[in-house]
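S.K.: If you read the protein sequences in the order shown, they are chains A and B. Take the first sequence: its position 102, counting from 1, is numbered 102 in the working numbering, and each next residue is one higher. Take the second sequence: its position 199, counting from 1, is numbered 199 in the working numbering, and each next residue is one higher.
Treat the hints with care, as some may be off.
Claimed, not checked - Reference excerpt, derived from the structure (chain B facing chain A, CB under 10 Å, subset only): (1) SER106; (2) GLY109; (3) PHE132; (4) MET134.
To be verified - Computed beta-carbon distance windows for the label pairs: (5) B/ARG36 - A/ALA306: 31 to 41 Å; (6) A/VAL302 - B/ALA199: 56 to 66 Å; (7) B/THR273 - A/GLY115: 13 to 23 Å; (8) A/ARG32 - B/ARG33: 46 to 56 Å; (9) B/ALA131 - A/GLY115: 36 to 46 Å; (10) A/SER303 - B/ALA199: 52 to 62 Å; (11) B/THR99 - A/ASP56: 37 to 47 Å.
I should point out that these hints are in silico values taken from the structure, not numbers from a laboratory. Keep in mind that this is a model prediction, so the values were computed, not measured. Glycine included, every Cβ here is placed at the ideal spot set by N, Cα and C.
2 protein chains.
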Amino acid sequence: MARALRLILVGFGTVGQTLARQLLARRDEISRRVGRVLVVGVADSRSSASNREGVDLAKVIRSKKRTGRVGELGTPEALELIREVDADVLVELASAGGTDGEPGLSRIGRALNSGMHVVSSNKMPLAVAYAFLMGRARGRDLALKYGACVGGGIPFFEFADACTAADSIRRIDGVLNATSTYVLTRMEQKGISMDEALAEAQGLGYAETDPSMDIGGVDAACKIVILGNHILGKSFSLKDVKGMDGIAEVTAARVGATKTRKKKIRMVATVDTTPRVSLAELPQTDPLAVDGPVQAAKFQCVSSGAKFIGGEGAGGLSTSLAVLRDVLAIGDLERR
Amino acid sequence: MARALRLILVGFGTVGQTLARQLLARRDEISRRVGRVLVVGVADSRSSASNREGVDLAKVIRSKKRTGRVGELGTPEALELIREVDADVLVELASAGGTDGEPGLSRIGRALNSGMHVVSSNKMPLAVAYAFLMGRARGRDLALKYGACVGGGIPFFEFADACTAADSIRRIDGVLNATSTYVLTRMEQKGISMDEALAEAQGLGYAETDPSMDIGGVDAACKIVILGNHILGKSFSLKDVKGMDGIAEVTAARVGATKTRKKKIRMVATVDTTPRVSLAELPQTDPLAVDGPVQAAKFQCVSSGAKFIGGEGAGGLSTSLAVLRDVLAIGDLERR
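Could you build all of it, start to finish, from the sequences and the hints given here?
M.R.: Rendered as structure tokens:
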């Protein structure tokens, strides 16, 4: 029997648990496609579980639900787990953390140093140290994949890679933060204030308890940096982003006045020679004038014109499917 | 030196000539990426040219311009060329022809039988005999690629393949005929009749001299059959398309009345359990309510919601870049 693809999962919130459920429920299908996929280690911020024959994921999910931890107190922390457990892929699923990229950055760096491929839904390490991490991955002929960092499950990178196969892209504009778009949409539809719209978004699970990264523009800034680096071949970092204009100051009155002019305010992230995030008033028919928890982007191709892409991009299932897509792509590579 | 990838081009209208110019102008770049690509045969409907060391493309382009033919009178016709010339890839670029798929169908069949990969921008053979042709290609482990048949350069298939890597698509709706969309857009904007709008589209090169395939719905029907077969795993043929409603009967009065209701008439092709083409009145904010020579599609994913894709999809350059993308993908395969 062929060797299994052994994963370490770090981060076991909504995305991690949903991924674990997918891996359990679709074991046979996945096995047929890329061979056996085995989770040999799981860590959250307080504990870990590991087993070289495969962690019992159903048990880990139950433990997380009951105790808030994936393992016993005193078990190795994530960075230790990556050093100690023999695995093929680190799946980094923690949420962003600070703007220094830690603690995800150290984990990804260590995994690459240990010869592991990496799949990350944690965008901050990529946004602050893309060139460094990609250089390390390429130097060791390892895959570093981050499809889940942008587009909430919409295959932005696969689409862009196809666009650039015989053409080039010179500019990207995106409405990349679904929470902000949802909030602005509700303000437009109901005439309510930002606080009211945010409370509604939190109630529906579209916004974090602390939504400052979303409405403040940092989340969109991270995404446009990663898009610019991957698609335009740049080496931007989060600190290169100009004018990180969030939507925090947008009032109900301004939304109403814009609507009267048949336009919509949206937080638009752009990258060409520089990455930037700004508030724009878009005509209602603009492909970026999307409503609800939706993301969209426009790619300006040099020879073949503008192309756009979008969709419902929010929630744990979409993100975990994007992670699974990247894991399966690595499975394909390893089987070749 | 590694062996060159040898192409036969059949069809030398706008797309063929533009592809030839790309192959000439970007020879070094292409060579670096996939190795040397050599055109060893070119045929149009009346003549051909071949050379096992590589046809002089600049000369063929000049000949076509001067005489309307790629080669001398009495040179082998396309089907003969495919039998006689040793090549790796047939690039089938002829326009649709009759609804029996001929003469492209025989050429693609013969190329596959001779062990050639096939890249086609000719959609009719795929629309009438997809299952047959794909079965033949798979049986011989050959690539049969048709990215240029749908979306006019927008990478529909690459996008869909990424969407289905970890999810499935259950329904596709598309506004797939850029000519019809352009005509309807101009009727909306100017209040003009279909004949006037068509004349304008012909003047700009967006419509063929005989636009019946476009406005009659056959072009969109072919595309939705190919999308359904590739993405949903079906085995539809053009004759399975229900209700092939073109736009020919749409009057200026109807367009005006629809506009008053803040909607747009569009020719929408749909595939789920059946393929069909119908006229729909779309809200102006619908992702499919695009304007101008644009194509767009919506993919309904089973687990991760609706995703959309679109762009400026018309014209020889976009189509020839889509063909080049498929040729380069085969070049990659061959180098592995």
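S.K.: Take the hints in turn and mark each one as holding or not.
M.R.: Right, here's what the structure says about each hint:
1. SER106: violated, 28 Å
2. GLY109: violated, 27 Å
3. PHE132: violated, 26 Å
4. MET134: violated, 19 Å
5. B/ARG36 - A/ALA306: 31 to 41 Å: holds, 33 Å
6. A/VAL302 - B/ALA199: 56 to 66 Å: violated, 31 Å
7. B/THR273 - A/GLY115: 13 to 23 Å: violated, 47 Å
8. A/ARG32 - B/ARG33: 46 to 56 Å: Violated - the Cβ-Cβ distance for A/ARG32 and B/ARG33, about 32 Å, lies outside 46 to 56 Å.
9. B/ALA131 - A/GLY115: 36 to 46 Å: holds, 44 Å
10. A/SER303 - B/ALA199: 52 to 62 Å: Violated - the Cβ-Cβ distance for A/SER303 and B/ALA199, about 28 Å, lies outside 52 to 62 Å.
11. B/THR99 - A/ASP56: 37 to 47 Å: violated, 58 Å
Going through the hint list in order, the structure does not satisfy hints 1, 2, 3, 4, 6, 7, 8, 10, 11.
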